[in-house]
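**Student:** As a plain string of letters, each chain reads:
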Amino acid sequence: MAVSNYMSGIFGTSPVKPMQVHMEKVHECVSLLVPFCEALIAENWKTVEKLQKQISGLENEADVMKKELRMNLPKGLFMQVSRQDLLEVLTAQDRIANKAKDVAGIILGRKMILPKTIAADYSKFIQRVVDASEQAKITINELDELVETGFRGSEVKLVQTMLKKLDKIESNTDTLERKIRGKLFQIENDMPPLEAMFLYKVIEATGDVADQAQRVGSRLQLFLAR
Amino acid sequence: MNIIIENATLFLVLAGIFGLFMAWGIGANDVANAMATSVGSKALTIKQAILIAAVFEFAGAILAGGQVTKTIRKGIIDAKVLESTPELLVYGMLAALLAAGCWLLIASHKGWPVSTTHSIVGAIVGFAMVGIGIEAVSWGKVGFIVASWVVSPVLAGVIAYALFRSVQKLILDTENPFDNAKKYVPFYIFMVGFIISLVTLVKGLKHVGLHTSTLENYFYATLIGLLITALGVMVIRKIKMNETLNKDFHYASVEKVFAVLMVVTACAMAFAHGSNDVANAIGPVAAIVGIVQSGGEIAQKSALSVWVLLIGGAGIVAGLMMYGHKVMATVGHNITELTPSRGFAATLAAATTVVLASGTGLPISTTHTLVGAVLGVGLARGMAALNLTVIRNIFMSWIITLPAGAILAIIFFYVLKGIFS
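Protein chains in written order, with the numbering used here: chain A, 1 to 226; chain B, 1 to 421.
Hints in this document: simulated from the structure, not taken from any laboratory. It cannot be assumed that every hint is accurate.
To give an idea of the interface, some chain B residues facing chain A are shown, with a C-beta separation under 7 Å as derived from the structure [said to hold, decoys possible]:
| hint | residue |
| --- | --- |
| 1 | Q168 |
| 2 | L172 |
| 3 | Y251 |
| 4 | A384 |
Simulated crosslink set (DSBU-like; lysine-lysine; CA at most 35 Å straight-line) [claimed, not checked]:
| hint | chain 1 | residue 1 | chain 2 | residue 2 |
| --- | --- | --- | --- | --- |
| 5 | A | K157 | B | K240 |
| 6 | A | K17 | A | K157 |
| 7 | A | K53 | A | K17 |
| 8 | A | K17 | B | K169 |
| 9 | B | K183 | B | K47 |
| 10 | A | K164 | B | K183 |
| 11 | B | K169 | A | K165 |
| 12 | B | K182 | B | K141 |
| 13 | B | K256 | A | K157 |
| 14 | B | K47 | A | K17 |
| 15 | B | K42 | A | K67 |
| 16 | A | K157 | B | K141 |
| 17 | A | K168 | B | K169 |
| 18 | B | K238 | A | K157 |
| 19 | B | K182 | A | K17 |
| 20 | B | K256 | A | K17 |
| 21 | B | K169 | B | K256 |
| 22 | A | K116 | A | K50 |
| 23 | A | K165 | B | K240 |
| 24 | B | K326 | A | K75 |
| 25 | B | K141 | B | K42 |
| 26 | A | K164 | A | K179 |
| 27 | B | K326 | B | K42 |
| 28 | A | K165 | B | K256 |
| 29 | A | K164 | B | K110 |
| 30 | B | K203 | B | K42 |
| 31 | A | K183 | A | K201 |
| 32 | B | K74 | B | K417 |
| 33 | B | K182 | B | K240 |
| 34 | B | K141 | B | K74 |
| 35 | A | K75 | A | K116 |
| 36 | A | K157 | B | K42 |
| 37 | A | K75 | A | K46 |
Where is the CB? At the ideal position from N, CA and C, for every residue including glycine.
Next comes chain B alone, as it looks inside the complex (with noise of 0.2 Å):
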């Protein structure tokens, strides 16, 4: 108990440090596999996609990102096993932190498949499991986590699935595709804005100390809904069919209008991923600040300081600002086929499904979700060539960031416990 407030600013300051570290890490590299299918098809220039994911993975991160950070902070660990040695938590978080942080730097440096979210869960059980003992794992909510890490991209796989079916049906399928996509793409817009803003409204507002009854809820939910579907309609109703362009490929006009929903979503999902990968960032430091203002109690149940929240958000945009812009121009070299008729029912799908992850309280993978929802317009035959190995991939990453999170966390967590005492 001594030690903490002892070394109290010290600790604050570190976590502020480790946080910062992980936040700008998200956003270096992260980010950018959350906007790829927004900057691939085009339809935002890779200017507009930063100015965009600075602003609405900061708001996610604000507004609804209180949830999972949470369950980062106090979910995974089961918080009773330590009363007696609190400083042990401050020490493991610290070290999960720089664990993920550093992993999350090797990694992409070497081109490895990484996942934000795995590395921390990964680092957090692997100090509590080796640091503390095995039960202060609360092991069935990992279990739920790593379910959910399965679920995830199969659930954004069926949405995915399920919006491309009806967007060919409605539109692409039709005599009049322009005219139909003129027609229905508002309503599209209009489930954007409503979804993201209804989960954000009846799951994640509480942690900034914003209350509203369910009524409300989904009152401004439709609001918002139908506030940008309006800007949406403005735009669209300027959009005229281009004989020239539709020459070459006849649905390039038709992609025009669905470029405007694209960039609709593209901003959907900067906020999902804002609202859940932020907190594997301030999770741990929202733990340790939890400590140390309560001088040592850990049950006590402080509500999260917005200046921990607001450290997630700056981290990540300054990551975005510094090398995210360089990622965000090979992924949308890279991505040649992708038009904005996919790239939105793909990312739609993994938006909604992280969204609905983040009010839950899951951690999830976005870069997964979004993998998973492509897949899922690839099965309606959405995508001209779809590269499978990537999966193998993905199975990698679990094989490897799992152990090598939890491994780097444990020698992190036996070097502070060793200064410190």
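Excised from the complex, chain A in its bound form (with noise of 0.2 Å):
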């Protein structure tokens, strides 16, 4: 007799483990750029570069894993969660990858080197940024509970109190985004102007690290939502 059972089939695959992976692989991408930037502050080119090729290897895996997990979310698939919100949330995540790589492709691919009345402060910037990756990753960790406690109760607030501190960290980043690029405008006249366009764009993808951490919170923020 062949081995078969369709009461089984009935309990599908959680996508709430893949998404923490997936959530971990993104920051271990992210936490990179604090390396990155010593490195760049160092002006350590080899260095830099390795861990520019990390950073992007980093980002392709993260990647794969998440056109996996789509594949894996049949329609037919009831969860706690909506379907849509729970892949928002994942396409969020992804970004924030994707943003670390954009900030270090920029400043590898253009030789960039800081202004030193900055680059204390962006190291800072840098730092924060990270901050705002991590808690989000402890955040997403916490999916497994609010699957256990059916997304209600007290776990509810514990989760929220965690999505406060991720605002906080990211109205920090914000802050000293405005301050370093406020520095950078008082010396922007005394550098080449192309070199100053960039590093302008490269404040704002590092901001938008934080800002895609962010999101991936306000979209969690859904999942409470009753």
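With the hints as a guide, dock the two chains, each given alone in a separate frame, to form the complex.
**Tutor:** This is the structure:
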């Protein structure tokens, strides 16, 4: 007699674990921005190049995971959260890594050198941006607990505190971004114009990493809204 | 009449073999469905599940299986039509057993959704309708049975929803889920013991010759419930908060407490399954034995022989030992996301529904009831992901199994009739 069973067929594969693994990968990618920035300030181009490759590689891995997860979310699946909301969280997660890759790509591609006056601020800015990504990761880590509690009760409160913290970190990065822009504005006339332009672009892209991390949070918030 | 007396031993032996075959098929395949949530939630190892299933399926069949057996035996066919030709009923029941058994074998081999209950009911209705006449079927009773197939998954779903919501309210969604789990889980354990033993006492035991009054029933049910609860509390007390386990998943220790409850519920489920589905195999056997032993008298009100129940129980256990463990391993492997808190709610809801049906004498599909219960938990936002295509499979099993059982039974009926007359 063949072994077959349709009772077990009703239990679909939960997307929660893959979502968490994806977010971990994304954060692994983003966190490399810290050593990347250190190497950049030290003008250690070999390390910069090596780290850019790693960032790009991890982003690629996250991309593959994202596609796989999407393939495993058929329409007939009945989940605790809407399929669309879940896919949006996934997209937001993926974009964090995309933006980190952009930052590293532009810097290496143009062999950019940070002006001395903003180097320290930029390094602080990067650290905070990575913090935002980490907070997003911590929050996504609570997904399995949310599933366990059926998105109700004290666990929801816990996640909401985490989301508030994420918002706070992101708004902190905004402040830092404004400060760096201000400093850059003061020295932009002493720089080659193209260099200045692209520096603005890098600063913007760096800020976008934190924005996307916050976006993960705001999409997650939709799970909690009843 | 002469045919029956001449071939008495042959009929009894055939009935015994076919009944054993059918029971074996149920044990090999259907039991795994009933135990799916228990094994899937990892509260039990495969070995433990087999052991529990063997013991409680057997107990369920013997202690509470009488009522459904009665329905299969003489509820579906109007015996009055057959008074002058009792041998037709013997052929028919043999054919029905063979048909349902074969269909079970084919369908589970091919991986088609199959319900033992639907096969046997389809087979009996089939041979009665074509082999004897439309008027031979008690359509009122059959309609009632079919209605119960719709009602039972829905009822199980509603109970599961309510149970799981209560688990959320009392335990999972609170500040201290671990402490609350330790506090409230014993009540659930009591509920399992109380409900199952009460239904058994009220409805089942008279078939094994025990008669108790209502007051006694409640007294014994409470006693059994308390006894099981005491055992459960002893185990739960030993469970300590495990910080390392909790680091990754904060509810790991809470689920440990639910695992105790899941074990108790798994016993209840196996008992419920035994009380309802064993009748599919032994109901027809009982009918044949009744006719043969009375020398051809159909209307005779003989009590159910215990050895017939034993055949059913033994067949199920044999099937379980030979093939059931393989199916169970697959089930356990396929269900990865189910935690004991969910598994318990779904299983208890299904077990309660099935035992109630057993008490009322309604043959229902345990698997479909369990699916209904799982969906109920899902509606309470309890399941991460459920695959709704299974519901389509259930409708498929209705559309395919009923006529398939019927057609096979009709063929076997005419073959048997041709051989003996």
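**Student:** Check the hint pairing K165/A with K240/B against an upper bound of 35 Å on the C-alpha distance.
**Tutor:** 32 Å, holds
**Student:** Is the hinted pair K168/A and K169/B satisfied, with a Cα-Cα distance of at most 35 Å?
**Tutor:** It holds: about 32 Å lies between the C-alpha atoms, which stays within 35 Å.
**Student:** Would you check the hint for K238/B and K157/A, treating anything up to 35 Å between C-alpha atoms as holding?
**Tutor:** 30 Å, holds
**Student:** For the pair supplied as a hint, K182/B and K240/B, is the alpha-carbon distance within the 35 Å limit?
**Tutor:** Holds - the C-alpha atoms of K240/B and K182/B are around 10 Å apart, at most 35 Å.
**Student:** Given the proposed pairing of K326/B with K75/A, does the C-alpha separation stay at or below 35 Å?
**Tutor:** Within the cut-off at roughly 31 Å; holds.
**Student:** Take a quick look at whether K157/A and K141/B sit within 35 Å of each other, Cα to Cα.
**Tutor:** 53 Å, violated
**Student:** K17/A and K157/A: Cα distance at most 35 Å?
**Tutor:** Distance of about 21 Å is within 35 Å: holds.
**Student:** Would you mind confirming whether the straight-line C-alpha gap from K326/B to K42/B stays at or under 35 Å?
**Tutor:** Since the Cα atoms of K326/B and K42/B sit roughly 16 Å apart, the hinted pair holds (cutoff 35 Å).
**Student:** Under 7 Å is the threshold here; is the Cβ of Y251/B close enough to any Cβ of chain A for the hint to stand?
**Tutor:** 5 Å, holds
**Student:** Below or equal to 35 Å on CA atoms is what counts here, so check K256/B against K157/A.
**Tutor:** 24 Å, holds
**Student:** Given the proposed pairing of K182/B with K17/A, does the C-alpha separation stay at or below 35 Å?
**Tutor:** 28 Å, holds
**Student:** Tell me if the straight-line CA distance from K169/B to K256/B falls inside 35 Å.
**Tutor:** Satisfied, since the Cα-Cα distance of roughly 18 Å is no more than 35 Å.
The structure does not agree with the numbered hints 12, 16, 25, 29, 35 and 37 stated previously, though it agrees with the rest.
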